[in-house]
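Engineer: Chains as they are written, first to last, in the numbering used here: chain A, 1 to 346; chain B, 1 to 346; chain C, 1 to 346.
Since the hints were derived computationally from the structure, they do not count as laboratory data. Some hints here could point you the wrong way.
Note: identical chains are not told apart, hence a pair may lie in one copy or across any two.
Using 27 Å as the maximum straight-line C-alpha spacing, the simulated DSSO-like pairs for lysine-lysine come out as follows [as the list claims (entries may be wrong)]:
no., residue 1, residue 2
1, K135, K197
2, K88, K132
3, K6, K197
4, K197, K49
5, K52, K135
6, K88, K105
7, K6, K105
8, K132, K105
9, K49, K135
Predicted model only: the values in this text are computed from it and were never measured.
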Amino acid sequence: MAKAEKYRLAQIVERFGGEILGNPQTPISQVATLESAGPEHISFLTQGKFRKQLASTRAGAVILGRADSGLTGLPRIVCDEPYLYFAKVSALFNPPQAIRPGVHKTAVVERGTRIPASASIGAGAYVGRRVKLGKGVVIGPGCHIGDGVEIGAASRLHARVTIYPGCRLGQRALVHSGAVIGADGFGIAQDQGIWRKIPQVGRVVIGDDVEIGANTCIDRGALDDTIVEDGVKLDNLIQIGHNVRIGAHTAIAGCTGIAGSTRIGRHCMIGGAANIIGHLDIADRVVIHAAAVVTRSIARAGTYGGHPAEDSRSWTRNVARLRHLDALRERVRHIEQQLSLPEEQA
Amino acid sequence: MAKAEKYRLAQIVERFGGEILGNPQTPISQVATLESAGPEHISFLTQGKFRKQLASTRAGAVILGRADSGLTGLPRIVCDEPYLYFAKVSALFNPPQAIRPGVHKTAVVERGTRIPASASIGAGAYVGRRVKLGKGVVIGPGCHIGDGVEIGAASRLHARVTIYPGCRLGQRALVHSGAVIGADGFGIAQDQGIWRKIPQVGRVVIGDDVEIGANTCIDRGALDDTIVEDGVKLDNLIQIGHNVRIGAHTAIAGCTGIAGSTRIGRHCMIGGAANIIGHLDIADRVVIHAAAVVTRSIARAGTYGGHPAEDSRSWTRNVARLRHLDALRERVRHIEQQLSLPEEQA
Amino acid sequence: MAKAEKYRLAQIVERFGGEILGNPQTPISQVATLESAGPEHISFLTQGKFRKQLASTRAGAVILGRADSGLTGLPRIVCDEPYLYFAKVSALFNPPQAIRPGVHKTAVVERGTRIPASASIGAGAYVGRRVKLGKGVVIGPGCHIGDGVEIGAASRLHARVTIYPGCRLGQRALVHSGAVIGADGFGIAQDQGIWRKIPQVGRVVIGDDVEIGANTCIDRGALDDTIVEDGVKLDNLIQIGHNVRIGAHTAIAGCTGIAGSTRIGRHCMIGGAANIIGHLDIADRVVIHAAAVVTRSIARAGTYGGHPAEDSRSWTRNVARLRHLDALRERVRHIEQQLSLPEEQA
Numbered sequence: 001m002a003k004a005e006k007y008r009l010a011q012i013v014e015r016f017g018g019e020i021l022g023n024p025q026t027p028i029s030q031v032a033t034l035e036s037a038g039p040e041h042i043s044f045l046t047q048g049k050f051r052k053q054l055a056s057t058r059a060g061a062v063i064l065g066r067a068d069s070g071l072t073g074l075p076r077i078v079c080d081e082p083y084l085y086f087a088k089v090s091a092l093f094n095p096p097q098a099i100r101p102g103v104h105k106t107a108v109v110e111r112g113t114r115i116p117a118s119a120s121i122g123a124g125a126y127v128g129r130r131v132k133l134g135k136g137v138v139i140g141p142g143c144h145i146g147d148g149v150e151i152g153a154a155s156r157l158h159a160r161v162t163i164y165p166g167c168r169l170g171q172r173a174l175v176h177s178g179a180v181i182g183a184d185g186f187g188i189a190q191d192q193g194i195w196r197k198i199p200q201v202g203r204v205v206i207g208d209d210v211e212i213g214a215n216t217c218i219d220r221g222a223l224d225d226t227i228v229e230d231g232v233k234l235d236n237l238i239q240i241g242h243n244v245r246i247g248a249h250t251a252i253a254g255c256t257g258i259a260g261s262t263r264i265g266r267h268c269m270i271g272g273a274a275n276i277i278g279h280l281d282i283a284d285r286v287v288i289h290a291a292a293v294v295t296r297s298i299a300r301a302g303t304y305g306g307h308p309a310e311d312s313r314s315w316t317r318n319v320a321r322l323r324h325l326d327a328l329r330e331r332v333r334h335i336e337q338q339l340s341l342p343e344e345q346a
Numbered sequence: 001m002a003k004a005e006k007y008r009l010a011q012i013v014e015r016f017g018g019e020i021l022g023n024p025q026t027p028i029s030q031v032a033t034l035e036s037a038g039p040e041h042i043s044f045l046t047q048g049k050f051r052k053q054l055a056s057t058r059a060g061a062v063i064l065g066r067a068d069s070g071l072t073g074l075p076r077i078v079c080d081e082p083y084l085y086f087a088k089v090s091a092l093f094n095p096p097q098a099i100r101p102g103v104h105k106t107a108v109v110e111r112g113t114r115i116p117a118s119a120s121i122g123a124g125a126y127v128g129r130r131v132k133l134g135k136g137v138v139i140g141p142g143c144h145i146g147d148g149v150e151i152g153a154a155s156r157l158h159a160r161v162t163i164y165p166g167c168r169l170g171q172r173a174l175v176h177s178g179a180v181i182g183a184d185g186f187g188i189a190q191d192q193g194i195w196r197k198i199p200q201v202g203r204v205v206i207g208d209d210v211e212i213g214a215n216t217c218i219d220r221g222a223l224d225d226t227i228v229e230d231g232v233k234l235d236n237l238i239q240i241g242h243n244v245r246i247g248a249h250t251a252i253a254g255c256t257g258i259a260g261s262t263r264i265g266r267h268c269m270i271g272g273a274a275n276i277i278g279h280l281d282i283a284d285r286v287v288i289h290a291a292a293v294v295t296r297s298i299a300r301a302g303t304y305g306g307h308p309a310e311d312s313r314s315w316t317r318n319v320a321r322l323r324h325l326d327a328l329r330e331r332v333r334h335i336e337q338q339l340s341l342p343e344e345q346a
Numbered sequence: 001m002a003k004a005e006k007y008r009l010a011q012i013v014e015r016f017g018g019e020i021l022g023n024p025q026t027p028i029s030q031v032a033t034l035e036s037a038g039p040e041h042i043s044f045l046t047q048g049k050f051r052k053q054l055a056s057t058r059a060g061a062v063i064l065g066r067a068d069s070g071l072t073g074l075p076r077i078v079c080d081e082p083y084l085y086f087a088k089v090s091a092l093f094n095p096p097q098a099i100r101p102g103v104h105k106t107a108v109v110e111r112g113t114r115i116p117a118s119a120s121i122g123a124g125a126y127v128g129r130r131v132k133l134g135k136g137v138v139i140g141p142g143c144h145i146g147d148g149v150e151i152g153a154a155s156r157l158h159a160r161v162t163i164y165p166g167c168r169l170g171q172r173a174l175v176h177s178g179a180v181i182g183a184d185g186f187g188i189a190q191d192q193g194i195w196r197k198i199p200q201v202g203r204v205v206i207g208d209d210v211e212i213g214a215n216t217c218i219d220r221g222a223l224d225d226t227i228v229e230d231g232v233k234l235d236n237l238i239q240i241g242h243n244v245r246i247g248a249h250t251a252i253a254g255c256t257g258i259a260g261s262t263r264i265g266r267h268c269m270i271g272g273a274a275n276i277i278g279h280l281d282i283a284d285r286v287v288i289h290a291a292a293v294v295t296r297s298i299a300r301a302g303t304y305g306g307h308p309a310e311d312s313r314s315w316t317r318n319v320a321r322l323r324h325l326d327a328l329r330e331r332v333r334h335i336e337q338q339l340s341l342p343e344e345q346a
């Protein structure tokens, strides 16, 4: 991160709105948690369970919601969505590291590729033929950019990312170390007990403002493309199969797998370690619990969980049912006694 | 992919069999899905649900099964296994990229290793001592090949693959980016609350025609070797523990974990995100559902699923049982009313 | 591994204790399994199920527990904990490979970083600014060490490891290929349907004697640090979210995910492919089964499993309950017949 500047509370509110209670000249140089903050830090309160920490924090100022504005006497910014407000303030204090443009002397750039003067190609990176890079693109050390790849302006690839030939990333992509974009989808056909590989000739096409986590894999399409729409956020160690489409502004937590040809809607939230089998359609605004196993298409917005996944209420009920089964058995035994029926083994 | 050649339907049938209906001179230059195909493409129909797309496709020709041969008037190839036939046709139109033999000037090859003239060592790749490479082997940019590794002829490693010292790959291996073959197995022993590492001195030994997906890990054996037999196909982000043996022609989908010392049979199909615990024996021709958690050995061919996994029929029944529990409780309540028994809490 | 030396049984017992039965001069040059051992090997018996192999082994000597000391006539070492004893003997015969100190000519070391004479920087590795390396540190080929990273003495990073800026590893760390330490945590906030990134300004701080498996990811903290305490052992393909704390001497098997801000106690054992959701507290000495889905904090030492996880006994009972449900339904049907009630659909 670059060196943080200082701002006064008044300057922060000028940018992001909200209301100041306490001294508007309070100087702030960084964000911090309630627990670790000092007088130069601004902290935030979003959940009730941190109230105790609010009482003892040494923060110089705090961001909190209207309902909580009376919980502290510290200088504070009162706003509607304190977590979002904090996100904006943190981004203000922690801008992305400045780019050092240029091609490192140990990088390899193949013929037919022109590197913009504003771009940065790290040590030991490899950039293939006919690659198109937008302005200010950063290719980290040790990255591999295959032939014909296109990467939009202001995108940043951390160290050791692989982009297979022909794939496209939009603008402002952020890709973490070890991610692999465009490896072959898992396409095989049975031929008398032997697996025969099906060439994977589609691409991966990724929209603008997409973040891709460390060691996440997005496979290229078998024939058509695998699509990740604008604003999608992917955590680490996620597997996206061939010909999957992920709708705009969907967020997926780590270790999740989405099998081939499944379509995920827009504005979905998928918990960690979920598994969604292939060829399904998941509607817009679906929320899927961590570790859910989705085996059928989901046609309606809502919250789903379990193995196999069902709507969240049914799932909770099913878990509870099992716990009531002993009681039910007891009732049956009691009836049997009343009727002087022989009690059976169960 | 290399530039595709053109073939006429008659030439395709000459190679792969099947029967032509319509003009055998129809020229084809590539494969495509029914939805995206144009007149220069051949497409295919394998599942009923795509019939609607068949009606509106702009494809120049279609591959389909005998039962479906009347569903279109387009030039078509009628055959027994249209998906397999399509796989062969796609391979015809999409041969692997031609190799550029030679050692890139930025690659490092240690003493004692001879690179065949037909092999290709990519930019920034590292090849250790006493490595043995077969004819036509491709080591992608940024790969790491440890001392004493052996890789059979015509094998291809994409960018950034790691092979630890002493491991062996057979012929025609295809290894995707980020795969790690031969890292230490997870061998630790308790020593009064402290974990003591057990050296992992076995190797990974991989047969012919094996494909290994992106970021997949196969650990070296603790003492004996970890074995992957001929024709095994592994998807992305799979974990294979130490001393596992995977039988020939078994296919495993992404995100699956197989713990140490488990033996998987031949011709098995294991769904994505399955988890198979250690020291089990899984028979030949076992099919395991996605996300199944296998906690016992499986002695018979069949289909298994659930958490914990059981044969597929029991699993389906158990899921259904839970749903019937409410009805059963209602029946018990009804009996209690008939008997004027006090209704209990459950 | 370096070339193994020979030891006589008497020399081994001198180092590690235990009692010799048979010829104390028996020469041993390596460890092996009962099945694959020859006369120059020492093997071991820890579980009853290997007794059959003990009967037919060709090993020169065997390590076994007091209760089993009569099961073979071979030269043997009798001790209290044969698996731990074997671990020590294996470490004796398989010391870590000797270091070749120096900076490879293709490595890049940025200004402001001093490499100790005893350290080894591999081919194509990148070491950023102001990096601090202890004595004898090994940075494998193709590793990426970000600005300001600190790595303690005698730590070894295999090929292609990424350490993001500012992270710290203690002494004697062992990090496997493809591991990514310090990538951004998954911190995003909703802003009218759009995800806004929250800068991740914490670090990853790792204690002494920690092992990190291949392609495992440990995210940096959002504000405070992500902490991995001394002696923790992590297998492959594990995801550790931001601000997680893992207590000392905890071991975690492969494919497990631990979501943000969860605290794992000391001396825990977590099975493979487990999933622990965020913001939980797991006590010391908790054992979690493979594939368990932990959705609530665990306050007491014990063994837990299932989806959702509960204590092991309840889980086993719940699985059994489902199997008894058919029998219970049969009993209800029988009562209904006795009462001449109409049998309902269920």
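Engineer: Reference check for the pair K132 and K105, CA-CA at most 27 Å: within, between, both, or neither?
Structural biologist: Result: close both inside a copy and across copies, 20 Å intra and 24 Å inter.
Engineer: Is it within, between, both, or neither for K6 and K105, if the alpha carbons may be no more than 27 Å apart?
Structural biologist: Close neither inside one copy (37 Å) nor across copies (43 Å); limit 27 Å.
Engineer: Within a copy, between copies, both or neither: which one fits K52 and K135 at a CA-CA cutoff of 27 Å?
Structural biologist: This pair counts as neither: shortest intra-copy Cα distance 47 Å, inter-copy 44 Å.
Engineer: Which holds for K197 with K49 at a C-alpha limit of 27 Å: within a copy, between copies, both or neither?
Structural biologist: Answer is between; shortest inter-copy Cα gap is 24 Å, intra-copy 54 Å.
Engineer: I want to check one pair: K6 and K197. Are their C-alpha atoms no more than 27 Å apart within a copy, between two copies, both, or neither?
Structural biologist: Close across copies (21 Å), not inside one copy (58 Å); limit 27 Å.
Engineer: Is it within a copy, between copies, both, or neither that the alpha carbon of K135 lies no farther than 27 Å from that of K197?
Structural biologist: Classified as between: cross-chain Cα gap 21 Å, same-chain 38 Å, threshold 27 Å.
Engineer: Using 27 Å as the alpha carbon limit, work out where K88 and K105 are close: within a copy, between copies, both or neither.
Structural biologist: Neither way: K88 and K105 sit 37 Å apart in one copy and 44 Å across, limit 27 Å.
Engineer: At most 27 Å between CA atoms: does that hold for K88 and K132 within a copy, between copies, both, or neither?
Structural biologist: neither (32 Å within a copy, 33 Å between copies)
Engineer: Between K49 and K135, at a C-alpha cutoff of 27 Å, which is it: within one copy, between copies, both, or neither?
Structural biologist: Answer is neither: 45 Å inside a copy and 44 Å across each miss the 27 Å cutoff.
Consistency with the previously given hints fails for numbers 2, 5, 6, 7 and 9, ordered from lowest to highest.
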